[in-house]
Amino acid sequence: MYLTGADLIDMTVKQLEMLDEILRAEARSFAEERDAAGRDARRCREATDAIRVLIPKLVAARATQQPKGQMQIPGCANDDEM
1456 MYLTGADLID
1466 MTVKQLEMLD
1476 EILRAEARSF
1486 AEERDAAGRD
1496 ARRCREATDA
1506 IRVLIPKLVA
1516 ARATQQPKGQ
1526 MQIPGCANDD
1536 EM
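Everything in the sequence shown is counted per the numbering used here, starting at 1456 for the first residue and increasing by one.
Hints are not guaranteed to be accurate.
To be verified - Computed cross-link-like contacts, SDA-like style, restricted to lysine to any residue with a CA-CA straight-line distance of at most 20 Å: (1) 1512 / 1471; (2) 1512 / 1465; (3) 1512 / 1483.
Honestly, the hints are just simulated from the structure, not real lab data.
The task is simple: from the sequences and hints, build the whole structure.
Quick look at the structure:
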């Protein structure tokens, strides 16, 4: 199986978007709890802010990827080896 740099960026963006949703949900949940949870909620908000900054940068980097930049996943057979 071959992956391009664009494939890896696409997978990373999707994972970061999922993480952002999870952390936002946790931040809302923490915000509804006691004052001690405020620290955890703040950390979740800081993490989601960082993720939201990173995603557009990855999308922009993905736009520059060449389709021929394929690399083999370690441990997987090439078509030639099958």
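Hints, one by one, checked against the model:
no.: 1; hint: 1512 / 1471; result: 12 Å, holds
no.: 2; hint: 1512 / 1465; result: 12 Å, holds
no.: 3; hint: 1512 / 1483; result: 26 Å, violated
Hint 3 alone, counting from the list given before, is not met by this structure.
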